[in-house]
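Chemist: Going line by line, the protein sequences match chains A and Z.
Everything in the first sequence is counted per our numbering, starting at 1 for the first residue and increasing by one.
Everything in the second sequence is counted per our numbering, starting at 1 for the first residue and increasing by one.
For the record, the hints were derived by calculation from the structure and aren't laboratory data.
Check each hint, because a few of them may be wrong.
What the simulated footprint calls covered on chain A by chain Z, stretch by stretch (three residues with Cβ under 8 Å from a Cβ of chain Z suffice, anywhere in the stretch; the number is not a length) [as the list claims (entries may be wrong)]:
id	region
1	36-46
2	88-97
3	125-134
Which chain A residues stay away from chain Z? Per the calculated CB distances, all over 10 Å, these [to be verified]:
id	residue
4	R6
5	V10
6	L16
7	L22
8	L26
9	F29
10	L59
11	S64
12	F106
13	G115
14	G159
15	W162
16	D163
Note that the structure is predicted; figures quoted are calculated from it, not measured.
Every residue, glycine too, gets a C-beta built ideally from N, C-alpha and C.
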Amino acid sequence: MTAAGRPRWVNLNTLLGVFWLLAALLFLFHLVPNHIEEPPMVQNPLQSPRWLPSVAGWLVALLSLALIVEGCLRPPVRDPDAAEGGAPAWRWLLMLAGFAAYWLLFEPLGATAAGILGTLLLFAAHPVRRPWLYLLAIALPWLVSLLFVHVLNVPMPSGTLWD
Amino acid sequence: MEGVSEVLNLFLSLDNFMAIGIGVLIGVVVGAIPGLTATMAVALALPFTFSLEPVTAILLLVGIYKGGMYGGSITAILIHTPGSPAAACTLLDGYPLTLQGKAKKALQMALYASCIADVLSNLALILFASYLAKIALNFGPPEFFWLICFSLTIIVSIAGESAIKGLIAASLGVIVASIGMDVVYGSQRLTFDNYNLMDRVSFVPLLIGLFAVPEVIDFYLKKAAPHVRAASSGLGLTLKELRASLKTIVRGSLIGVIIGAIPGTGATAASFISYSEAKRRSPNRQNFGKGELEGVAAAESGNNGVAGATLIPLLSLGIPGDVITAIILGAFMIHGLTPGPVLFQENLTLIYALFCGIMLSSAVLLFVGHGVIRYFSLVADIPKAILLPIVLMFCVYGAFAVNNSVFDIGLMLFFGVVGYLFNRTGFATAPFLLGFILGPMFEDNLRRTLLIGRGDPAIFFRGPITWLFVALTALSLFFAVRRYWQERIAARPDAAPRAHPGTGDSGR
Chain A
1 MTAAGRPRWV NLNTLLGVFW LLAALLFLFH LVPNHIEEPP MVQNPLQSPR WLPSVAGWLV
61 ALLSLALIVE GCLRPPVRDP DAAEGGAPAW RWLLMLAGFA AYWLLFEPLG ATAAGILGTL
121 LLFAAHPVRR PWLYLLAIAL PWLVSLLFVH VLNVPMPSGT LWD
Chain Z
1 MEGVSEVLNL FLSLDNFMAI GIGVLIGVVV GAIPGLTATM AVALALPFTF SLEPVTAILL
61 LVGIYKGGMY GGSITAILIH TPGSPAAACT LLDGYPLTLQ GKAKKALQMA LYASCIADVL
121 SNLALILFAS YLAKIALNFG PPEFFWLICF SLTIIVSIAG ESAIKGLIAA SLGVIVASIG
181 MDVVYGSQRL TFDNYNLMDR VSFVPLLIGL FAVPEVIDFY LKKAAPHVRA ASSGLGLTLK
241 ELRASLKTIV RGSLIGVIIG AIPGTGATAA SFISYSEAKR RSPNRQNFGK GELEGVAAAE
301 SGNNGVAGAT LIPLLSLGIP GDVITAIILG AFMIHGLTPG PVLFQENLTL IYALFCGIML
361 SSAVLLFVGH GVIRYFSLVA DIPKAILLPI VLMFCVYGAF AVNNSVFDIG LMLFFGVVGY
421 LFNRTGFATA PFLLGFILGP MFEDNLRRTL LIGRGDPAIF FRGPITWLFV ALTALSLFFA
481 VRRYWQERIA ARPDAAPRAH PGTGDSGR
């Protein structure tokens, strides 16, 4: 038993080991047979498209077992940083909203508008105190979009909503 | 004498000097922006060279290439975001140095290591081009297979706090690299009928996701901390510190030269091998990964040592060593020149004019690098609340620009979450990246070897070069395992006080 009253084997490494072991078994017995096509004729088993992913999968399984054993024998000491309090929920929700703006609205809004929206959301998530700095969140995505389109010749989406 | 004057006549023109200066500057700036790679910059600059003289055109592209190789290290050191894949190794020690207020030292070490490696690489190109290319020409799939096996052994060295977790991460990297259409049989591997995955997982979104996005996520998930000014204006590098790392720089440069001369191996592998070698030999190996100047020197010299050397097979044999030299090969052809032995016979003047320009580019890199350090050091002093949203914007635009695909933005964000979880659970991301890069090379050369050997395993041990790499692989594994056990014994509670009380498997 640890000082926290938990059994000695309940620790991050053991849990990670169990997670990766289950993931490796799922990969080896479900994903490899069902989602990697085996050609009708392979000259050598080592040349099969399944060979390298299978070897890597078995390696993950074996190493996960080693991680479980290590976790049981030598439990890791808790990282003092992990005990620190996290950010308020609204902050990471705004961050997720920023990510979603980039991913889901990049084509509908266009690169510039999605960039402005994403940057503004992230500026608000960890509040930038000086209001004039929010102009940066508008000017920079606009300038960088122009750079990409006109200088680097990268066609950026202009926004299907505005068409 | 007449030849010398012809060379100087061809080289000493304002256009050439401007091409080198602008090329290096563009390369450094683009290389420093996450998501924009030197490859992309060289490719985009190619149409601008149509109207230039051949020497000027090639020097512009070479300048961008060299500037990009160095530029990647700037953001790797300052904001934990490698500007280029080859700079991924530089951040292992560069960023911890920034956190310790030694950003200027790290940047200067990166610059000097890059320039020294660049000069040595150029000298190798000029002096040993034909000789080294001849050795590389003898390399077949079995030799490449063992070279990659040797490269894979360095995973143990860069695994971070836990070798087991590092190896799991590397295996996961290999699995992710296997996604896509199989190049030999054309069968689909783990694509789930998604056409975006047919052509493998894109490298740039994965790289940005693993190394840049976790930083953003971590910042917004942690309790707000007061802004700590990154002391980029801290003390500069002393001559003593540079001298202490000189051996490492020369070694790293030679590693870069050898690897660069072998087509297809690349600067990323060179920087990791150089780093691993430096760590193996350094008396300060415990400091590697925690802010060791020698680590920055090793990574940067390895990666820049490649730059000149990749031109060896290109110029003497017409074989491009990497993507950028393939684009430069295209530039030669656009100007009616075919790199190879014939070029040495028919256009020797042009070759030597190029050599002059390539040597000059190292000096220009030093000059531009100094100016840019001062400018880019400001990046470290910007509060993260302002900087990170801008970094994310560059990441998103850069990830999109690779294939003009929103799918790549999602991929980048996905690998960002993976990278964040890896960091939180003690898995190092560098072995994942190495597995991702080396996995397909390993498989490709294994298959080729089996094909040319018709399944006979004796082909793997067909000559002295293969045996050399077998021995190097075995030795590397032996020393890695021995060091691992020694450090574990040292980390036991009944042994000397532990160096690192973080985790149970620490002390590595």
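Chemist: Next, verify each hint and record whether it holds.
Modeler: These are the hints, each one checked on the structure:
With 8 residues carrying a beta carbon less than 8 Å from a beta carbon of chain Z, the region 36-46 of chain A meets the three-residue requirement, and the given coverage holds. With 4 residues carrying a beta carbon less than 8 Å from a beta carbon of chain Z, the region 88-97 of chain A meets the three-residue requirement, and the given coverage holds. Residue count for the region 125-134 of chain A with a Cβ under 8 Å from a Cβ of chain Z: 5. That meets the three needed, and the coverage hint holds. Once the 10 Å rule is applied to beta carbons, A:R6 is consistent with being away from chain Z; the minimum gap is 15 Å.
Look at A:V10: its CB is around 13 Å from the nearest CB on chain Z, clear of 10 Å, so calling it non-interface holds up. Distance check on A:L16: its Cβ comes as close as 6 Å (rounded) to a Cβ of chain Z, failing to clear the 10 Å threshold; non-interface status is violated. No beta-carbon of chain Z comes within 10 Å of the beta-carbon of A:L22; the shortest separation is about 13 Å. Residue placement check: A:L26 keeps its beta carbon more than 10 Å from all beta carbons of chain Z (closest about 12 Å).
Listed as outside the interface, A:F29 is consistent with that label: its C-beta sits roughly 14 Å from the nearest C-beta of chain Z, beyond the 10 Å cut-off. Under the 10 Å C-beta cut-off, the non-interface status given to A:L59 relative to chain Z is violated; the minimum distance is some 4 Å. Listed as outside the interface, A:S64 is inconsistent with that label: its C-beta sits roughly 7 Å from the nearest C-beta of chain Z, within the 10 Å cut-off. The claim that A:F106 lies off the interface is violated: its Cβ sits roughly 5 Å from the closest Cβ of chain Z, which falls inside the 10 Å cut-off.
Its closest Cβ contact with chain Z, about 5 Å, brings A:G115 to no more than 10 Å, contrary to its assignment away from the interface. The beta carbon of A:G159 is kept farther than 10 Å from every beta carbon of chain Z, the shortest such distance being approximately 13 Å. For A:W162, the shortest C-beta to C-beta distance to chain Z comes to about 17 Å, beyond the 10 Å cut-off, and the non-interface label holds. The non-interface label for A:D163 is consistent with chain Z: the shortest C-beta to C-beta separation is roughly 16 Å, beyond 10 Å.
Of the numbered hints listed earlier, those contradicted by the structure are 6, 10, 11, 12, 13.
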